[in-house]
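Student: For reference, the chains in residue letters:
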Amino acid sequence: MNRHLKQSWGRSRGRRTVAQHTGKKVLRKHPAPTLSLNIAPMIDITFLLLIFFLVTSTFKRAEGFLAAKLPHDAGRPAVALPISPIIIYVEQYGEGISEYRLRIANFVNAPASFEELTLFLEDVQRNPGFSDDTLVIIAADAEVAWDHVVNCWNAALRAGCKQISFGRQSE
Amino acid sequence: MIHTQRHKDLRFNMAPMIDVVFLLIIFFMLVSTFVTAENVRMELPNPDKSLAQNVKVVDRVVINCRISDTGTEQRALYSVGPNPVESLEKISERLSAAKQANPQLRVIIRADKRLRYEQVRTVMDMVADNQIENMSLVAHVGSQMEE
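Each protein sequence line maps, in turn, to chains S and U.
Numbering of the first sequence is given in our numbering, commencing with residue 13 and proceeding in unit increments.
Numbering of the second sequence is given in our numbering, commencing with residue 202 and proceeding in unit increments.
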């Protein structure tokens, strides 16, 4: 092979290009630039990251606030209210913590679930003497799960009650 | 037939990897919402068709009521923000100090749904005793809206 002759190969087009060294003058013919995107490492990393996040991710459910307002004169002796409030008793029923029973003071029919409680409160508000401004007191049993108390509060909010308060079970 | 192997230049092309990594970093920086340390992990109440709203409250004190999983007896673990409190009186002291610093203070009660009502009511009584009127209960935001 001629020492003054170097050969190189253009990969993309398979074209043979020659650079010749002829004494002082160098004539060099460059191959056409090959543009190829090597996506193999990118795909590797992308899949690796995808698997990593799929395995390690724990999705957090969004949480929000149920606004409440405590009475200003809390702790003072109770006085008779000018209008009769709707008192909802949430009672422990059975052994499990998921069991509960609802009872409404001065009403015979008691809703069986919080869904029914919303409908019940909406119905009561239509009666004369009651409105959405009528005070609703949630009097929960000490043993009742906090989940039921919040459910009860949410049901009253859904019924459009504007004044909801916490109370204690009467002895 | 004799094959003469050409000496190949073996180099690891890192450019695409760096591109993707930077792209992912930017993506996660933009979309991530960081869980604040005061929101201790627990099972929050999950009401049917919850009306809980995710609003930003600035002047607030978060009281966490977690359930103790160890032991047979169910116990409540209280903390003001991320800091556990030794006794319930400490909660009252902190609420009193916070109320003096900011009268428009809002107390946010995050309680585990498995706790008994009396265990949360103790905290609510303290909030009321400190003459704090603004209080919020934390529950999961409803996933399906009422039609």
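Misleading hints may appear alongside valid ones.
[To be verified] Mimicking DSBU-like on lysine-lysine, the simulated pairs with C-alpha atoms at most 30 Å apart in a straight line are: (1) U/K257 with U/K300; (2) U/K291 with U/K257; (3) S/K174 with U/K300; (4) U/K257 with S/K72.
Calculated from the structure, these hints are not laboratory results.
Student: Run the structure past the numbered hints and jot down the numbers of the failing ones, going up.
Tutor: As far as the earlier hints go, not one is violated by this structure.
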